[in-house]
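Novice: Sequence:
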Amino acid sequence: MVTAHRLVVIRHAKAEPVAPSDVERALTEQGRADAAAAGRLLAAAGVSADAALVSPATRTRQTWQVLADAAGWTTEPQVEQSLYSADEDTVLDLVGETEESVGTLVVVGHNPTMGSLAHLLDDGDGDPAATTRLLQGYSTSAVAVFDLPVGWAGVGRGSGRLALMDVGRG
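Mapping to our numbering: the sequence shown position 134 is 985, numbers consecutive.
The reader is advised that the hints may include incorrect statements.
Said to hold, decoys possible - What follows is a list of derived Cβ distance ranges for each label pair:
| id | residue 1 | residue 2 | range |
| --- | --- | --- | --- |
| 1 | D944 | Q881 | 30 to 38 Å |
| 2 | Q881 | G1002 | 37 to 45 Å |
| 3 | D920 | V874 | 21 to 29 Å |
| 4 | A855 | R1020 | 27 to 35 Å |
Worth flagging that the hints you see were computed from the coordinates, not collected in a lab. Backbone N, C-alpha and C fix where the C-beta goes; we use that ideal spot for every residue, glycine too.
Please model the complete structure; the sequences and the hints are all you need to start from.
Specialist: See below:
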C-alpha cells in the first residue's frame, strides 16, 4: 500500500472528574504521565506531526502539550471548537479540509467519537496486534496511527490501514 498521508487519532489523557464546567476539566497527574508516555511511544515509532487539530477543552489542550513535548514536536495546534462535541462525520469533514501538503495530521479529542472514528477508519488489513488492542476499547491516552493511501478529502470509512494502536501509560 502506498501511503499518501498519516492520521493519528488520540483520546485525551485521564482528567479530573469535576471542575466548574466540563470544558475546564484538567489532566490529573496520572493523565500527565500517560500523555507523556504516549508522546514517547509515538516518537519511538517515528511518528511526527505536521499539523494538529485539538478540541478546546482544557484536558485535550493539556494532552496535546504534554504529548508534543514528550515526542519532541514543535507543531502549533489548531484549536478547533467543533471537536468538543463532534461526531465522526464532523471530524472527517475537518480532516478533509486539511491541506494536501500536510503529511501527518494529529487529532486530539473525546470519546466516544475518537474510538468510533478509529473503528470507522480501520480497513481491517493493518497490524493484527494493533487491531486486537483497538477491539479492546479506546481508553484515555489511546493512540491510533493510520496510514492512508488517499488524499485528505478521500478519508472515510475503511480508508486507513492501522499501523499502531496503543495506550500511553506512565
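Novice: Quick check: which numbered hints come out false for this structure?
Specialist: none
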